[in-house]
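So the protein sequences, as listed, match chains A and B. With the first letter of the first sequence counted as 1, position 12 gets the number 12 in this note's numbering; the numbers rise by one all the way through. In short: position in the second sequence from 1, add 1000, done, that's this note's numbering.
If you're looking for bench data, these hints aren't it; they were derived computationally from the structure. Quick caveat, the model's predicted, so the values are computed rather than measured. One should not assume that every hint holds.
[What the hints assert, rightly or not] Restricting the straight-line Cα-Cα distance to at most 20 Å, the calculated cross-link-like pairs of lysine to any residue (SDA-like) are:
| hint | chain 1 | residue 1 | chain 2 | residue 2 |
| --- | --- | --- | --- | --- |
| 1 | A | 98 | B | 1055 |
| 2 | B | 1070 | B | 1013 |
| 3 | B | 1009 | A | 20 |
| 4 | B | 1071 | B | 1022 |
| 5 | A | 98 | B | 1072 |
| 6 | A | 98 | B | 1075 |
| 7 | A | 98 | B | 1044 |
| 8 | B | 1009 | A | 42 |
| 9 | A | 98 | B | 1054 |
Letter by letter, the chains look like this.
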Amino acid sequence: GNSVTQMEGPVTLSEEAFLTINCTYTATGYPSLFWYVQYPGEGLQLLLKATKADDKGSNKGFEATYRKETTSFHLEKGSVQVSDSAVYFCALTVNTDKLIFGTGTRLQVFP
Amino acid sequence: NAGVTQTPKFRVLKTGQSMTLLCAQDMNHEYMYWYRQDPGMGLRLIHYSVGEGTTAKGEVPDGYNVSRLKKQNFLLGLESAAPSQTSVYFCASSYPSGGRETQYFGPGTRLLVL
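Use the sequences and the hints to build the structure in full.
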């Protein structure tokens, strides 16, 4: 079946550090890939997406590249801020509108 | 433009009680969804709707019912609440796109079943 695996958190970083959150997927067919972010006390909001292989999604300094050969969609940011502290979810869809989520990775950024 | 709103924000129920969670969206989206979020499990789809008057089961539908009488509203019902239904419930909506478009989420309803 289709599934998403994320690295376990929490990920704890100092401000201005480099961030990587790993995400790999299993899918039959050609998935679309998403990163959603959940700030404390809020619902999820789309951070970025990629709908075909080698596409790079980017937003707010975050980037992720759709790698079909390694079935990965790792999230990166060159310099994190305290305001980036949140839970990050990797997700996919395969020819439907039903999202399949990973378990989420909590990021904590300290000044 | 309020986006997706959910009512109530927080609720405490006793085992066996019933309640209805309301989701409303003002973006004219065809599709609506109900998810539950539990620690260590991400979000799981309970039920969804592809249009007014239609509903379908998701990954974890047992113990829940839904209705979509109006395009902008999607109701989630618990007929006889159980402690296993303690969770945070999120509603979302989207345009039909074969999975390529964004889902927009509400702020969530925190439910505690004692």
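Each hint tested on the structure:
1. At most 20 Å may separate the alpha-carbon atoms for a hinted pair to count; residue 98 of chain A and residue 1055 of chain B meet this at roughly 13 Å.
2. Taking the CA atoms of residue 1070 of chain B and residue 1013 of chain B, the gap is near 27 Å; set against the 20 Å cutoff, the hint is violated.
3. Pair hint residue 1009 of chain B plus residue 20 of chain A does not hold up; C-alpha atoms about 33 Å apart against a cutoff of 20 Å.
4. Annotation: proposed proximity of residue 1071 of chain B to residue 1022 of chain B holds, straight-line Cα distance about 13 Å (limit 20 Å).
5. The suggested pairing of residue 98 of chain A with residue 1072 of chain B holds, with an alpha-carbon distance near 19 Å, which does not exceed 20 Å.
6. Our distance criterion of 20 Å between C-alpha atoms is met by residue 98 of chain A and residue 1075 of chain B, whose separation comes to about 18 Å.
7. Between residue 98 of chain A and residue 1044 of chain B the CA atoms are separated by roughly 10 Å; this keeps the pair inside 20 Å, and the hint holds.
8. At most 20 Å may separate the alpha-carbon atoms for a hinted pair to count; residue 1009 of chain B and residue 42 of chain A meet this at roughly 11 Å.
9. Under the criterion of a C-alpha separation no larger than 20 Å, the hint pairing residue 98 of chain A with residue 1054 of chain B is consistent with the structure, at around 15 Å.
The structure shown violates the earlier hints numbered 2, 3.
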